[in-house]
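Q: What follows is each chain in one-letter form.
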Amino acid sequence: MPQTAETAVPHARPAAALRPAPRGRKRDTVPALVMLTPWLLGVTLLTALPMVASLVLSFTNYDLLSLPRFIGTANYQRLLSDPRYIQSLEVTTTYVLVSVPLSVTVALLIAVSLSSTSRSANLYRGIYYLPSLLGGSVAIGVLWRQLFGGQGLLNSVLGLFGVAGTSWIGDPRYSLGTLIILHIWQFGAPMVIFLAGARQIPKETIEASIIDGANPVQRFFRLTLPLLSPLILFNLVMQTITAFQAFVPAYVVSDGSGGPIDSTLFYTLYLYIEGFRNFHMGYAMAMAWVLLVIIAVFTALAFWSSRFWVHYEN
Amino acid sequence: MHPAKPNRLPATLLRHAILIALAILMSYPLLWMISSSFKPEHVIFSEPGLLPDPFTLTNYIAGWTKLGLPFAAFMLNSVIICVLCILGNLFSCTLAAYAFARLEFPFSKAAFAIMLLTIMLPFHVTVLPQYIMFQKLGAVNTIIPLVLPKFFAVDAFFVFLLVQFIRGIPRDLDQAAEIDGTNKYQTFWYIIFPLCRPALVIVAIFTFLWTWNDFFGQLIYLTQTQNYTASLALNLFIDATSGESAWGMLFAMSVVTLTPIFVLFVLFQRQLADGIATTGLKG
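Note that the protein sequences, when read in sequence, are chains A and B.
According to our numbering, the first sequence is numbered sequentially starting from 1.
According to our numbering, the second sequence is numbered sequentially starting from 1.
Here chain A stands alone, though its shape is the one from the complex (with noise of 0.2 angstroms):
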């Protein structure tokens, strides 16, 4: 907005001046096609085409070798008795729903107390963020899988203390906790964004609080939290996205089967066994288009809850 409102207001400076005469409303077009043609090419041939492709695709039968044959709506009939299927959407969502709000807070919480320790932020700042860098990666899973092994680093840690652990990742009951611990274990990245925002808020505005007599509980929760919310929105969305792709952790941790008995089968992960293993491709695109609904869905959900609790200044 305030970038319109500067190219329509003509500048009362010498140099506009010197310009010559304003031809109308100049445009320009010509550059604009040009530059922005990348784009256009990956918009309309990457994403858009590829879109209307997957939607005609969901509603048919396609392996990719046969030519793909107009099955209806029965892909998405199947989604519904698919027991793999409600299973993958399960366990995806308790994960979603368990670690985004976990994480999300964590942030928050480290963050703020962070946000008045001016001198070492930095330091405890990069340690906490680095594992956000790392977490998608093949490695972070190899490690995961060796620390809630049977013989892994948890259980001879427990072992000092008497107790005998069982292996986490092998047992059905644990193991999808283990992948919402990895997630939680990246909270940095929210945590720098909240970080940024906390360093915002005016010194003047908590120096008035805390000479109205407020306690830091009561700052945190009146002052703290309200200017912040908008990035609480902000960052539940983002990771609710994140969330609902997750592929990696489960993939290397179950050997890219899903197990024990698909207790970790997130979503994309069910979506790859079907798409490109077991080349049903139909299946698998009505599985992407589901997905993209639900995320909508969720993304819309929290865009209109914000305004009972989001705090928008005027």
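Among the hints, a few may not be true.
Unchecked claim - If you anchor each label on the Cβ, the simulated ranges turn out as follows: (1) B/225 <-> A/279: 17 to 25 angstroms; (2) B/69 <-> A/173: 21 to 29 angstroms; (3) B/114 <-> A/66: 30 to 38 angstroms.
Unchecked claim - Just so you have them, the derived chain B footprint on chain A, three or more residues with Cβ under 8 angstroms: (4) 38-44; (5) 122-130; (6) 270-281; (7) 288-294.
To be verified - One side only, chain B facing chain A, incomplete, derived with CB under 7 angstroms: (8) 23; (9) 48; (10) 95; (11) 153; (12) 154; (13) 157; (14) 197; (15) 201; (16) 216; (17) 223; (18) 234; (19) 235; (20) 247; (21) 254; (22) 269; (23) 273.
None of these hints come from the bench; they were simulated from the model.
By construction, the Cβ of each residue, glycine as well, lies at the ideal position given by its N, Cα and C atoms.
Since chain A is already given, all that's left is putting chain B on it; use the hints.
A: Leaving out everything else, chain B in the frame of chain A:
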């Protein structure tokens, strides 16, 4: 005011104690993995300590050639893909961002809105048809499907980041140049592009990180071992060592694949944190 002062010290100490405990808890597994990669296999299970004693390089030496090809070959494949992706993003995203931030053209608002929407789009909706397309073109098992899209600004995050950055550059600079007779292309190339350097560094770093850590795309497109990237090789390593106890080697090669990220983190810690903070990128 008066009682507040003596109370502050214990509270500060407590806060630091918690922060330090958390820092140790979070980094211990990483440090332990690095340390264990220098331990003999039989010590890894029994030894939660961080000092590798006895110290050995066997894991690295044995792991390096375990897959038939030296691990350096897989690292090189990853580096090639990363460099090309960085070039692609720098080229295509800056051009698009300049047009969105500075040029007036029909439907610019609609185009910008579409660009923003594609940031939120889960890539699974497009990846299957893209795979079919590249398969029909005979490009599966090459790096083309992984690299080519980057030259068409598909990473809309970066377009948005650069748009925000360019909007922060004073327009007087463009106008002064255009009074001197530069056209839009020259303004972009001689004025805006050089001034974008800090943002370009962020784009390059994050492109590297995401490409280096990528697994899904590489998994579906690269199927021959000699084309494998570091991620794929490490995954193959898990299969190749299943049945035997080879955590030492597995850790050693994991550390090898993480080394570029550690280096990047040490060199660009500030840009990484600031980049994510100003633009809200995911980590």
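Q: With reference to the structure, classify each hint as holding or not holding.
A: Verification of the supplied hints:
Checking the proposed 17 to 25 angstroms range against residue 225 of chain B and residue 279 of chain A shows it holds: the Cβ atoms sit about 22 angstroms from each other. Residue 69 of chain B and residue 173 of chain A have their C-beta atoms about 40 angstroms apart, which leaves the hinted 21 to 29 angstroms range violated. For residue 114 of chain B paired with residue 66 of chain A, a C-beta distance near 35 angstroms keeps the hint of 30 to 38 angstroms intact. Under the rule that three or more residues need a Cβ within less than 8 angstroms of chain B, the assignment of the stretch 38-44 of chain A holds, with 5 such residues.
Counting residues of the stretch 122-130 of chain A whose CB lies closer than 8 angstroms to any CB of chain B gives 7, which reaches the minimum of 3, so the coverage claim holds. A count of 5 residues in the stretch 270-281 of chain A with a Cβ less than 8 angstroms from any Cβ of chain B is obtained; the coverage claim is therefore met, three being the minimum. Only when three residues or more bring their CB closer than 8 angstroms to a CB of chain B does the claim for the stretch 288-294 of chain A stand; here the count is 4, and the claim holds. Checking residue 23 of chain B against chain A: minimum C-beta separation of about 5 angstroms stays under 7 angstroms; hint holds.
Evaluation of the residue 48 of chain B hint against chain A yields a held restraint, the C-beta minimum of about 5 angstroms falling below 7 angstroms. Hint status for residue 95 of chain B: holds, given a least beta-carbon distance of 4 angstroms to chain A, under 7 angstroms. Annotation: residue 153 of chain B was flagged as interfacial toward chain A, and the flag holds, the nearest CB pair being 4 angstroms apart, inside 7 angstroms. Annotation: residue 154 of chain B was flagged as interfacial toward chain A, and the flag holds, the nearest CB pair being 5 angstroms apart, inside 7 angstroms.
A distance limit of 7 angstroms between C-beta atoms decides the matter here; for residue 157 of chain B the minimum to chain A is near 10 angstroms, and the interface restraint is violated. About 19 angstroms separates the beta-carbon of residue 197 of chain B from the nearest beta-carbon of chain A, more than 7 angstroms, and the hint is not met. The interface hint given for residue 201 of chain B is broken, as the beta carbon of that residue sits about 16 angstroms from the closest beta carbon of chain A, more than 7 angstroms. Checking residue 216 of chain B against chain A by beta carbon gives a least distance of about 5 angstroms; that is within 7 angstroms, so the hint holds.
The beta carbon of residue 223 of chain B comes no nearer than 10 angstroms to any beta carbon in chain A, farther than 7 angstroms, and the hint placing it at the interface is violated. Hint status for residue 234 of chain B relative to chain A: holds, with the closest Cβ pair at about 5 angstroms, below 7 angstroms. With 7 angstroms as the threshold, the beta carbon of residue 235 of chain B comes within range of chain A, its nearest partner Cβ sitting at about 5 angstroms, so the hint holds. Hint status for residue 247 of chain B relative to chain A: holds, with the closest Cβ pair at about 6 angstroms, below 7 angstroms.
Checking residue 254 of chain B against chain A by beta carbon gives a least distance of about 4 angstroms; that is within 7 angstroms, so the hint holds. Satisfaction of the interface hint for residue 269 of chain B is found here, the shortest Cβ-Cβ separation to chain A being roughly 5 angstroms, below the 7 angstroms cut-off. Annotation: residue 273 of chain B was flagged as interfacial toward chain A, and the flag holds, the nearest CB pair being 5 angstroms apart, inside 7 angstroms.
Comparing the model with each numbered hint stated earlier shows that hints 2, 13, 14, 15 and 17 do not hold.
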